[in-house]
Each structure stands twice: as structure tokens, then as C-alpha cells.
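Below, each chain spelled out in residue letters.
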Amino acid sequence: MPINSKIPSGPLDSKWTTYKSTCKLVNPTNKRQLEIIVVGTGLAGASAAASLAEMGYKVKAFCFQDSPRRAHSIAAQGGINAAKNYQNDGDSVYRLFYDTIKGGDYRSREGNVHRLAEVSANIIDQCVAQGVPFAREYGGLLSNRSFGGTQVQRTFYAAGQTGQQLLIGAYQGLERQIALGNVEMYARHEMQEIVKIDGKARGIITRNLVTGELERHFGHSVLLCTGGYGNVFYLSTNAMGSNVTAAWKAHKQGAYFGNPCFTQIHPTCIPVSGDHQSKLTLMSESLRNDGRIWVPKQKNDTRKASDIPEEERDYYLERRYPAFGNLVPRDVASRAAKERCDAGYGVGSSKMAVYLDFAAAIDRYGAVEARKQSIDNADKETIRRLGKDVVKEKYGNLFEMYEKITGENPYELPMRIYPAVHYTMGGLWVDYELMTNVPNLYALGEANFSDHGANRLGASALMQGLADGYFVIPYTLGNNLADDIRTKAIPTDHAAFVAAEKEVSDRIDRMMNIKGKESVESFHKRLGKIMWEKCGMARNAQGLKEAIEEIKALRKEFWANVRIPGEIKEYNPELDKAGRVADFLELGELMCIDALDRNESCGGHFREEYQTEEGEALRDDEHYMFVSAWEYKGDSQFELHKEPLDYEVVHPSARSYK
Amino acid sequence: MNLTLKVWRQKNSKLKGHFETFKVSGISSEMSFLEMFDVLNEQLVAEGREPVAFDHDCREGICGMCSMYINGRAHGPWSHNTTCQLHMREYKDGDTIVVEPWRANSFPVIKDLIVDRSAFDRIIQAGGYISVNTGNAVDANSLPVDKQKADESFAAATCIGCGACVAACPNTSAMLFVSAKVSHLALLPQGEPERETRAVNMVKQMDHEGFGSCTNIGACEAECPKGISLENIARLNREYVGAIFAGSTQA
Numbered sequence: 000m001p002i003n004s005k006i007p008s009g010p011l012d013s014k015w016t017t018y019k020s021t022c023k024l025v026n027p028t029n030k031r032q033l034e035i036i037v038v039g040t041g042l043a044g045a046s047a048a049a050s051l052a053e054m055g056y057k058v059k060a061f062c063f064q065d066s067p068r069r070a071h072s073i074a075a076q077g078g079i080n081a082a083k084n085y086q087n088d089g090d091s092v093y094r095l096f097y098d099t100i101k102g103g104d105y106r107s108r109e110g111n112v113h114r115l116a117e118v119s120a121n122i123i124d125q126c127v128a129q130g131v132p133f134a135r136e137y138g139g140l141l142s143n144r145s146f147g148g149t150q151v152q153r154t155f156y157a158a159g160q161t162g163q164q165l166l167i168g169a170y171q172g173l174e175r176q177i178a179l180g181n182v183e184m185y186a187r188h189e190m191q192e193i194v195k196i197d198g199k200a201r202g203i204i205t206r207n208l209v210t211g212e213l214e215r216h217f218g219h220s221v222l223l224c225t226g227g228y229g230n231v232f233y234l235s236t237n238a239m240g241s242n243v244t245a246a247w248k249a250h251k252q253g254a255y256f257g258n259p260c261f262t263q264i265h266p267t268c269i270p271v272s273g274d275h276q277s278k279l280t281l282m283s284e285s286l287r288n289d290g291r292i293w294v295p296k297q298k299n300d301t302r303k304a305s306d307i308p309e310e311e312r313d314y315y316l317e318r319r320y321p322a323f324g325n326l327v328p329r330d331v332a333s334r335a336a337k338e339r340c341d342a343g344y345g346v347g348s349s350k351m352a353v354y355l356d357f358a359a360a361i362d363r364y365g366a367v368e369a370r371k372q373s374i375d376n377a378d379k380e381t382i383r384r385l386g387k388d389v390v391k392e393k394y395g396n397l398f399e400m401y402e403k404i405t406g407e408n409p410y411e412l413p414m415r416i417y418p419a420v421h422y423t424m425g426g427l428w429v430d431y432e433l434m435t436n437v438p439n440l441y442a443l444g445e446a447n448f449s450d451h452g453a454n455r456l457g458a459s460a461l462m463q464g465l466a467d468g469y470f471v472i473p474y475t476l477g478n479n480l481a482d483d484i485r486t487k488a489i490p491t492d493h494a495a496f497v498a499a500e501k502e503v504s505d506r507i508d509r510m511m512n513i514k515g516k517e518s519v520e521s522f523h524k525r526l527g528k529i530m531w532e533k534c535g536m537a538r539n540a541q542g543l544k545e546a547i548e549e550i551k552a553l554r555k556e557f558w559a560n561v562r563i564p565g566e567i568k569e570y571n572p573e574l575d576k577a578g579r580v581a582d583f584l585e586l587g588e589l590m591c592i593d594a595l596d597r598n599e600s601c602g603g604h605f606r607e608e609y610q611t612e613e614g615e616a617l618r619d620d621e622h623y624m625f626v627s628a629w630e631y632k633g634d635s636q637f638e639l640h641k642e643p644l645d646y647e648v649v650h651p652s653a654r655s656y657k
Numbered sequence: 000m001n002l003t004l005k006v007w008r009q010k011n012s013k014l015k016g017h018f019e020t021f022k023v024s025g026i027s028s029e030m031s032f033l034e035m036f037d038v039l040n041e042q043l044v045a046e047g048r049e050p051v052a053f054d055h056d057c058r059e060g061i062c063g064m065c066s067m068y069i070n071g072r073a074h075g076p077w078s079h080n081t082t083c084q085l086h087m088r089e090y091k092d093g094d095t096i097v098v099e100p101w102r103a104n105s106f107p108v109i110k111d112l113i114v115d116r117s118a119f120d121r122i123i124q125a126g127g128y129i130s131v132n133t134g135n136a137v138d139a140n141s142l143p144v145d146k147q148k149a150d151e152s153f154a155a156a157t158c159i160g161c162g163a164c165v166a167a168c169p170n171t172s173a174m175l176f177v178s179a180k181v182s183h184l185a186l187l188p189q190g191e192p193e194r195e196t197r198a199v200n201m202v203k204q205m206d207h208e209g210f211g212s213c214t215n216i217g218a219c220e221a222e223c224p225k226g227i228s229l230e231n232i233a234r235l236n237r238e239y240v241g242a243i244f245a246g247s248t249q250a
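Just so you know, the protein sequences line up as chains F and C, in that order.
Going by numbering that gives the first Met the number 0, the residue at position 402 of the first sequence is 401; the numbering climbs one at a time, nothing skipped.
Going by numbering that gives the first Met the number 0, the residue at position 121 of the second sequence is 120; the numbering climbs one at a time, nothing skipped.
Keep in mind that the hints are not guaranteed to be accurate.
Covered stretches of chain F, going by a simulated chain C footprint (3 or more residues, C-beta under 8 Å) [claimed, not checked]:
1) 163 to 173
2) 555 to 566
So the derived label-pair ranges between C-beta atoms look like this [to be verified]:
3) S373/F with K146/C: 22 to 28 Å
4) Q372/F with E89/C: 36 to 42 Å
5) H207/C with Q86/F: 43 to 49 Å
6) D483/F with D138/C: 31 to 37 Å
7) T210/F with E89/C: 32 to 38 Å
8) Y474/F with E89/C: 51 to 57 Å
9) D388/F with R102/C: 36 to 42 Å
10) K146/C with D388/F: 17 to 23 Å
11) E402/F with H207/C: 38 to 44 Å
12) G614/F with F21/C: 47 to 53 Å
13) D362/F with T196/C: 51 to 57 Å
14) T3/C with Q372/F: 52 to 58 Å
Not everything, but these chain F residues come out facing chain C in the computed CB check (under 10 Å) [unchecked claim]:
15) R68
16) I73
17) M184
18) E520
If you are wondering where the hints come from, they were derived from the structure by calculation, not from laboratory data.
These figures come from a predicted structure and were not determined experimentally.
Glycine included, every Cβ here is placed at the ideal spot set by N, Cα and C.
Same shape as in the complex, but just chain F (with noise of 0.2 Å):
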């Protein structure tokens, strides 16, 4: 199937407004008669849910928590980036894009992060009229802050809750929906299978989490907004369910999946402590912007950090990228941190971390203090405690945070923090209207692969992930729907929803019929070491070939040698878990493959081969200059398809921040 991304044509800046104002409508009557089915509830999910639902199309949403209100949205800290220019520095549409276009590294649609740039603003009057408390000045206006990637203060926060925030803003929105009968709500519900009718989507398998029970579950389209699949990795800072069970599924019905290799390892997380870890926890970027990063100059130092001397520090960030200094991207700055911790220069117990300092802004902060409260002669000891108290006010939560993690106390040592794996840009494949290559089928927020190109800015997934589901699928989804007035609901009796349950069911069966010796447990993190080694930060030809066969061998043995406890009718997290490490167990592969194919370095994708004699990523505009669209055609079998970008507006160019 050639590749057909429909994005409008016309002016950059003019794409979106005349595709408004010409795309097809469905009337008020009709919107009644259909049903639509969103997959997920968080923010691309819950907001796509309600929006629809106000529209008047018939909802019924699925999320496998217990509450909508609790999918992994609600964990983002930072903010969400909007191109208000509230702050009067400069900002607008056309910067916004330019950033977020820059810092994926030249490997996303133009058309599409303008779009994303031009209902930014949008974004942020919704959810204060919704009510989402967001930070403000004494005035009573919205506060911004400065975020990576950008010279402007276009980030809107709520202290270091602000996907929390937003996503109870969507939660309730969805919530009113479903008093009012717009929405029927499934918690504790998980997606299965598609159901394909005609070639088009036409609904979902799903099992009842509480009974077992497998469900059939018709919509004149299927919205996946199921998030990303960082869990591939096994240690993540994605919560424990975050699973690609539903992309993946998809992607086995025929949907392309777009650019798996490309995953965004974010710097700053506090390192693994042991075998037994289940998980990483984020510090947030903007701890960068008062703690500088440093190892010692001497491999293998064992003394404690405040015994090494200012000179016997190596601040490499600042090092080797004096103008950005602690404030290059993410994957620039993940990378330095492993460059180091490989080459011997590691701190703490396991060699694998690297300090983040804050006793040079709490002294500078403390100076200031002591001026403004005219303390003459202030000694180190009052400066320490004035500047303690400005950084407890700035990021008093995350601070707690470590603490309670690691027991140690960072205003006192430094935070010891390593890379871990945070957000994956790639997905399925959509076109400009969202929806897959596969008919009536839609993938909005993480789920979709189309607007972050090789590498995120930070505060732009919450950005994303309500832009799709407030602003942009309530207008595609009825330019497809508009021909599909006369298809009335199809009973879930059709020998195609009987065939899908049929597959899940054997399925199910076949997985509880092994029988074997190894826990589902230890299979994820078989996978995850293989993934985070061999095509993680780092990523060379000879790795990716040894890790494609190693993760065969290990799928072959899951499903030889799984052991999942307890029955199939009835709540069952090993088996729930089984199925999702199933999918990852395949996705694995596919990322590998991806990364093997892509002989260049860009934004999160880092191919050893392919560097410069500094050690930075090294593109091939030339060679590699498309979206990576994969077609399954079988088990191990993937076709490429490649998507050209064109950019007609900006002009791509080396990312330096030196």
C-alpha cells in the first residue's frame, strides 16, 4: 500500500484553518447513531472521550486501571508548552514549530507540528476554564518557565504536578459525560484484539480484568491512545502497566508502526540500586537549570564527593558544550553521561551515575539572600541555610522525592542520577487526520508516532496528547464519518467479532496451557537487559544483529517455558502481564530491526558507526531523510515503507550546542 500522509496542500501556515473549513460534517441526528471507541484514558484518551462524547457521538471508553484517572499522564512534572507569549519575549506559532521541529532532529511533518504549534494556545484557555490550577504571578496571571530547547518562556506548570493536573481537568470533563450517558465507561478493561470488518476497523476484543471474561465491543471507528511502550526496557520511568499490547495488535491487523527505534532516554533519573528494581523514577529537567553535572577527574575515585576538590572535578557537560553548558537536550546530555560512566569516571556503588550539584546555586542563591535581607558579612554556614531555603521553595517536592528513594539528602550530597528510558516518539504510523493505514482506525498522543520526529522537547507530550485529542480528532474524525452515516451498528454476533474473540481465547489458553518453569517476571527482564544493552543509548550493527537473534531465542522460550499461575476466568495480574511481555517480546525485534536499518544517528537514535570525530550524532539527509513505516507480514517479517519529509519551509542543518 503506497504510503499517503494527506496532509493538506497550500501555505504551512494556512493548512490547518482551510482543512477546518473544508472538511466534511456529520449533523447532530447522525452523531447520535454513531458509536465510537476510545481505547485509554489519558490525556490524548480522556480528552479525545469527552470531547467526542459533547459532540454527540455515542463513547464507550476502555483504560485497564481501576479509574480513569490514574493512566500515566497524570506522572508528568515539568509543564506544557504553548505559544501564548504571555511573557511578550518573543514567542509564536512559528517559533514553536521551529523549536519542536529542530529538536527532533529533522524527522517529523512539518504540517503536522504546525498544527500542534497553532492550537497550543487553545490548550491552555480549555483547561483553565475547565478549572486546572496552574501556576500564577501575584497579578492572578498564568506564570511561565523556560524549558530545554528553547530561548522563551512558554511553559505553563503546576509546581511538579502538572500532567496530575491536566489529566483531572480531562478526567472530570469525561466524568461529566458519563453521568450524562454520553460515555459508557470500562475500567479495568484491556484491548485484545481489533476487529476488522470490510477492511476497516469496526471494533474490540476486550477482557473483563475482574471476571476474565472476553468482551465484544462494536464502534463505527477505534481510537487507540494507549500511550508508548518504553516498558520494552523492562526498567522505565512508564508506570507498570504501560504496556504496546493495543499498537501492537494493530500493527498485527495491518497498521504501519512508525520509527519503533526512536525512544527518548531522559538524563536526569535516579540510577538502579539492585537487581530487585522495578522501576526509575524521573528528577525533572529543570533541576538542570541550578544543578551541574560532574565526575571526578580521576577514574575510579572512591571518596566521598565533598572530599574531591573543586580542581579534581570533571563538569563535562560544561566541558564539551560551553554555550549550552547543563542545558543541552536530553539525548545529548544522556549520552554524556553514559560516555563518562563507560569510560571508568562513574560514582556510588555501582559506577553507573553521575553527579548533579547543587551546592554552587545554593551558595549563589544564599549570597543573594543574605544582600536582600542586608546581613553584612554573612558567614558560610547563614549563606548555606538562606540558599537552602530558596532551592527547598524551587523544588522542595523533588528533592522529598529522592530522599525518600535513596535515604540520602540532597541538599547536603549531591543527587546521584542516570539516564533511563522515558518516552518512545515512535508508533503507529498516521496519517495528517490521525488515523492509521488501516481504515477507521485512529492512534492519538504517545501512541502515534508523528509529531516528535527522533527526539522530544520536554513539556511537549502533555502539549501533544491533548492537542489530538481536543482540537484535531473531533474535526478528522468526522471527515471519515461523514461517509459512514448510512453504516448502522453491526451486531457484535458477526462472524468477524466471533473469529477475533476466538483468536484472544486460544491465545489465552495457549499461554496457561505452558505450564512451564520461569516466571513472566523474569522473561521482562531477560528482554529488558537485551534491549537496554544492545539498542538503548547506544546503539552498533553487530549489537542489533546479536539482539534480534538473542530476543527470538528468548520468545521462543517464553512461550515454551512461561508459568502463569491461577485460572483464566478470573483476576489474574501474571496473566495480564504475560500477554503485555508477549507483545513486548515481539516489538523488541522490531525496534532492533528499525535500528539496524537506520545507518545514521539522529535525536535519540544513536548508531555508534555514525559519529564525528567529537562523538556527536552524525545524520544522512541524504540517505535517511523518511519516516521508517513497518508493514508485519508474518512472524520476524517486517516491510519497510518509507514516508519522504519534505521540508518546504525550514531548512535542516546540524544540531550543534557547542
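Go by the hints and put chain C onto chain F.
Okay, now just chain C, sitting in the frame of chain F:
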């Protein structure tokens, strides 16, 4: 360290539950409480027994899914903390730890340590929102909001809906949860138009779900992982009484 765990086991909502005793060994002080449970469950799977079912997701204290009642305290001994953020350095070799699910009639047990908290969603459905459809919003800065009120509203809005307040309360009252949502919205000008019906309808739904009455004990505030203040309950009472006097009996 080696520990003894007494854990509530209950096959499903219909069958009666009981405590079961387990021994776990090799627990490091760096583990989180839930990672200690992961160790237990791996051990149970290896022995061919059914693992203990418990709710958890983000494991960073924000999703509100985890919900263990540990040695008689919701989310365990640390203050302003969720179960997932409790770490094993709190315990010492040889300790016995008793773990139960949230205990409240309105939160029926689904399995082992997992309870059904959908009553909270239904309370939000009764009025815990501002009725604004997508696309209706005016410019975000067209309505300034007093910073102090915005901050108080945010403090109330940090509720994670975990249900620890109900579990901690001897009456199983949900007043802290309801008051946090009523306060969050009542403190903002955007929430003003529906202020009265919201308070009345949410309280009505709360009563309908069978939650107990508030007798100002304060255990909810003490155990709340986000430190939601009792002041919110006072505010809810004021909102409710004001609404009743204003003649608002329902939506």
C-alpha cells in the same frame, strides 16, 4: 533481612478472606515496599502458588492506585507517603508486617489487597467538574485569579484519589476526598456558577455510596499522602450549608 508477612488473602468479592503467613528473605533496605512484594510473588510463582494480588501502577506516588494498610496504617508508617514510596530501610531483620486491603463497606474487596474504589468516580460524576465543552473557552488570562486562592485550589487539587482517607477513618467517611474536590473548584472563579449544586450533589452521592459520617477525628489528614488539609472539610461544610440555605436541594 528476613521478614514475616501476614497478608490478607481473599479469592474474590463473594468468598470470605483470611490471613496467610509468608516468610521472605534476602530483602535489601534499598527496596521499595512493593518491590518486597514482587520478591514474595516471584517466590510464590516458583512454588506454584498464586501470587498476592495488589493494585499499583506508577510507583512514584502520583497515580493513587497502590493501597495497602500496613501494620494498622494506610500506606504504612511514613507521613505524606504512598505505599509505593515506602522503602524497606524502615524495617529490620525479623520484623513481622501485617498487610490488609482498605477496609470500608463502600470499597468492596475484589481480590486479596485490591478493592473497588469506583464509588469515588461516581462522586465526581455527581458534580466534581466545571461544565465547559471543548472549544468554549475564553483566553486563559482574561480572568485573573487571586494567587493565594489559586495556590489553595491547587493544594486541594493534588488529591490522588487513593482512598487512604476513607481507610484511615474509623467511620469510613469520604469527607476529605469530597471536600478536596469541592474546594479545588469552589476556590476558582470558573467554578462559581455550579458551586452550590456541586456541593449538594456530591454530598448526596457520597451518602448514597454508604460512606460514614465525619466526626472531626482527623485521621484522614494525618494519613493523606498529599497532606490534604482538614480546612477543606470545614470549607465543604460551609459550602453545603450555604447551598442549602440558598435553597439548592439538588441539581
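| task | Starting from the hint list further up, note which numbers the structure goes against and sort them upward. | result | none
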